[in-house]
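Line by line, the protein sequences give chains C and U.
In terms of my numbering, the first sequence opens at residue 1 and continues consecutively.
In terms of my numbering, the second sequence opens at residue 1001 and continues consecutively.
Mixed in with the good hints there might be a few duds.
Said to hold, decoys possible - In silico lysine-lysine, BS3-like type, Cα no more than 25 Å apart, as pairs: (1) Lys-9/C - Lys-1050/U; (2) Lys-174/C - Lys-1050/U; (3) Lys-145/C - Lys-1149/U; (4) Lys-347/C - Lys-174/C; (5) Lys-1050/U - Lys-1005/U; (6) Lys-135/C - Lys-184/C; (7) Lys-1106/U - Lys-261/C; (8) Lys-171/C - Lys-1047/U; (9) Lys-285/C - Lys-201/C; (10) Lys-1169/U - Lys-9/C; (11) Lys-1050/U - Lys-124/C; (12) Lys-124/C - Lys-1002/U; (13) Lys-124/C - Lys-1106/U; (14) Lys-124/C - Lys-1169/U; (15) Lys-298/C - Lys-287/C; (16) Lys-245/C - Lys-1169/U.
These are calculated hints, taken from the structure and not from any lab test.
Fair warning: this is a prediction, and the values are worked out from it, not measured in the lab.
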Amino acid sequence: MTKKDVNIKVEYLTRVEGHGNIVVNVKDGKLDTCRLDVVEAPRFFEGLLRGRSVFEAQHITSRICGICSCGHTLASIQAAEDALGVVPSAQTIKLRKLLLHFETLDSHILHIYLLAAPDLLGVKSFVPLIETHNKVVRRALRLKKTCNDVCDILVGRHVHPISAIVGGFTKLPKETDLDDMLNKLTGMLPDIEATVELAAKLKFPEFERDTEYVALVNYTDEYPFLTGSIGSTDGVRMDKIDYRKATNEFVVPHSSAKHTKLSRDSYAVGSLARFNLNYDKLHPKAKEIAVAIGMKPKCINPYLNTAAQLLEVVHCLEDSIAIVKDLKHTGIYYDEEIVVGLNEQSKVPVKAGNGVGAVEVPRGILFHNYELDGKGTILNANCIIPTNQNLNNIEHDMKKLVPEILDRNEEEITLALEMLVRAYDPCISCSTHFLDVRYVNR
Amino acid sequence: MKRPKVAFFDFSCCEGCQLQVANIGETLLDVLDLIDVVEFREVMSEKWDKALDVAIVEGSITNQHAAERIQQIRDRSKVLIAYGSCATIGGVNGMKNEFELDEIGKYVYNADYRFFPAEKTRAIYQVVNVDYFVNGCPVYPPEFIEVLKAVLQGIPYYVPDYAVCVQCKLNENVCMYDRGVTCLGPVTRAGCNSWCINNGNICYGCRGMVSNPNEKGAKDVLARHNIQMEMILNKMNMYNKCRELVQGGHEDD
Chain C
1 MTKKDVNIKV
11 EYLTRVEGHG
21 NIVVNVKDGK
31 LDTCRLDVVE
41 APRFFEGLLR
51 GRSVFEAQHI
61 TSRICGICSC
71 GHTLASIQAA
81 EDALGVVPSA
91 QTIKLRKLLL
101 HFETLDSHIL
111 HIYLLAAPDL
121 LGVKSFVPLI
131 ETHNKVVRRA
141 LRLKKTCNDV
151 CDILVGRHVH
161 PISAIVGGFT
171 KLPKETDLDD
181 MLNKLTGMLP
191 DIEATVELAA
201 KLKFPEFERD
211 TEYVALVNYT
221 DEYPFLTGSI
231 GSTDGVRMDK
241 IDYRKATNEF
251 VVPHSSAKHT
261 KLSRDSYAVG
271 SLARFNLNYD
281 KLHPKAKEIA
291 VAIGMKPKCI
301 NPYLNTAAQL
311 LEVVHCLEDS
321 IAIVKDLKHT
331 GIYYDEEIVV
341 GLNEQSKVPV
351 KAGNGVGAVE
361 VPRGILFHNY
371 ELDGKGTILN
381 ANCIIPTNQN
391 LNNIEHDMKK
401 LVPEILDRNE
411 EEITLALEML
421 VRAYDPCISC
431 STHFLDVRYV
441 NR
Chain U
1001 MKRPKVAFFD
1011 FSCCEGCQLQ
1021 VANIGETLLD
1031 VLDLIDVVEF
1041 REVMSEKWDK
1051 ALDVAIVEGS
1061 ITNQHAAERI
1071 QQIRDRSKVL
1081 IAYGSCATIG
1091 GVNGMKNEFE
1101 LDEIGKYVYN
1111 ADYRFFPAEK
1121 TRAIYQVVNV
1131 DYFVNGCPVY
1141 PPEFIEVLKA
1151 VLQGIPYYVP
1161 DYAVCVQCKL
1171 NENVCMYDRG
1181 VTCLGPVTRA
1191 GCNSWCINNG
1201 NICYGCRGMV
1211 SNPNEKGAKD
1221 VLARHNIQME
1231 MILNKMNMYN
1241 KCRELVQGGH
1251 EDD
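Pulled out of the complex, with its shape left as it was, chain C reads as follows (with noise of 0.2 Å):
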């Protein structure tokens, strides 16, 4: 091995949402300090909820984060309803399994287009790729428009969405709103395509390391999203209430965002998690590219989560295909459209109790929980965020991945490890709610 310093520190990483630094040091060829600091402003939301109504939860927490707030929206609201022993109808679910797809594909759109695919292009934003690479450029911004425009259908906005709240929807689509969606959606079939082929050509970095990946899991034969268990790849399994002895929450000093761990020092959540727990039902078509790209699970190369959200959106454009055309058939009810507000009109029965609320959003596993008291006020809240899960199981990673590359220089030491962490997706502003490589000098 070479005996040589580096220090890296990368302030504010870019292309990830939300305020995290890298720091590396390695002396005399030895890796002495590898973090990824967290330096987000906290924001205290769990603390905020308290005294709230539970009807307020969805609202405030959906601006926990612009990019996955409809996740937020869907974990709120399933916490709240556990807790009130309200079941949502049928129609409600199907919708919301709706939202959620719609929110994965905009999101997974957004991170391969824009966060990742600069790097494995090998330039520092899209900004360029509009010179040299406009087409693409043009379908990235054209396919994430789509999606935004079908969550405006559905739910008045794709940032903070209005018509989703505990017990239903304040506004169902209209017949012509489901053409409007269907038309949009068959609409992307085409430039997903074309993604496809294009990811297929993208070279992914070589690096493993074997780590136990949690993600929701069921008993049916559907891809779980909205509902489901907690299960990890080390054989674990347990009710989503237990989520607490899943997360194992602990506080490290350089993080303003906690720290997790289950079965082994680290685990980790997402795409790639969802696709090495879940692969079989993972739909026909998104299966086919995994085969054609050569991905299956078990998969250790985190880099390649990027290549799962792929696949994912594919599942997730086709199962909201066959969501809405069984809409159409089925008809929408009316009479199930809910004028809560803050439940004035006390449309949802009201009662204490204490519910969980877990969802896979598109960068992992959210746990939302709420206790109420009588009244239906927050006594306590706790979020428990993707990113936050990863963070832990990134720096055990960089770990692993720094001495393995140590005979290259320091710039292309430090895109490695940033490309690393945004193969996460991190979500930083989630977490705490993230992300800058910082590089100690001594």
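Starting from the known structure of chain C, fit chain U onto it as the hints suggest.
Showing chain U alone in chain C's frame:
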């Protein structure tokens, strides 16, 4: 014409308003023809530490480091746009100001809370001068484009100072009070085209309050529907708690 140098900066927020920029779709390429985006951390690795024509700032100021950083951004920017509720009025981050900072810190981080020093949440205008306001949680993209046009022409943009109700009526929505629920539309600045009410929800006051709310009228409505003032104030504090701070961020008493 030389394209003005524009940068996006974020402070404490969810970054959803920045995301709204990516949501414009291919129109974004037309906007990029007119401006030179030199820094936008969420989607670009390029950085810029020199003079700026326009700084678009998202998020609230919640610690000393942020207060210093926004001052530096102000010092090198000809025009500063506060972008989104967290920046314009403090937004949901302001709810923190209802709690003792040590208490809420301990609640979230237990004994380790001292690793994460925090201050009361402040809106951008409560720390530095702001030239343009784009309100909303999230921002309403058509209004952002209007503001951008005004900035590029060097003319002011006036945020509507009438209630959301005005636009809501034009959209022919049934009043939420008549549907039996309270709504902050009557005291909230318009400009969002009554986005939430159009979709069956209520107004949460994310655009800030009108400068001269019809207090008497509002009280009449509350009395007619037998609604407690305390409930309305509690709702208002979801976005508007920072209004209680004066410039510089000290308690207003």
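Hints versus structure:
Note on Lys-9/C and Lys-1050/U: the hinted pairing holds, with a Cα-Cα distance of about 22 Å set against a maximum of 25 Å. The hinted pair formed by Lys-174/C and Lys-1050/U fails the criterion: a straight-line CA distance of about 51 Å is larger than 25 Å. Distance hint between Lys-145/C and Lys-1149/U is fulfilled; the C-alpha atoms sit about 22 Å from each other, no more than 25 Å. In summary, the hint linking Lys-347/C to Lys-174/C is supported, as the alpha carbons are separated by about 23 Å, within the 25 Å threshold.
At roughly 10 Å between alpha-carbon atoms, Lys-1050/U and Lys-1005/U fall within 25 Å of each other, so this suggested pair holds. A hinted pair counts as satisfied when its Cα atoms are at most 25 Å apart, and Lys-135/C with Lys-184/C qualifies at roughly 19 Å. This hinted pair checks out: Lys-1106/U and Lys-261/C have alpha carbons roughly 22 Å apart, not beyond 25 Å. With a C-alpha separation of about 43 Å, the suggested pair Lys-171/C and Lys-1047/U falls outside the 25 Å cut-off, and the hint is violated.
Taken as a hint, the Lys-285/C and Lys-201/C pair is honoured in the structure, with Cα atoms around 18 Å apart against an allowance of 25 Å. At roughly 55 Å between alpha-carbon atoms, Lys-1169/U and Lys-9/C are farther apart than 25 Å, so this suggested pair is violated. Only pairs whose Cα atoms come within 25 Å are accepted, and Lys-1050/U paired with Lys-124/C is accepted, the gap being roughly 19 Å. Restraint check for Lys-124/C and Lys-1002/U: satisfied, since their Cα atoms lie roughly 23 Å apart, inside the 25 Å limit.
Note on Lys-124/C and Lys-1106/U: the hinted pairing is violated, with a Cα-Cα distance of about 40 Å set against a maximum of 25 Å. This hinted pair does not check out: Lys-124/C and Lys-1169/U have alpha carbons roughly 47 Å apart, beyond 25 Å. For the hint linking Lys-298/C to Lys-287/C, the alpha-carbon distance of about 14 Å falls within 25 Å, and the restraint holds. Between Lys-245/C and Lys-1169/U the alpha-carbon distance is near 51 Å, which puts this suggested pair outside the 25 Å criterion.
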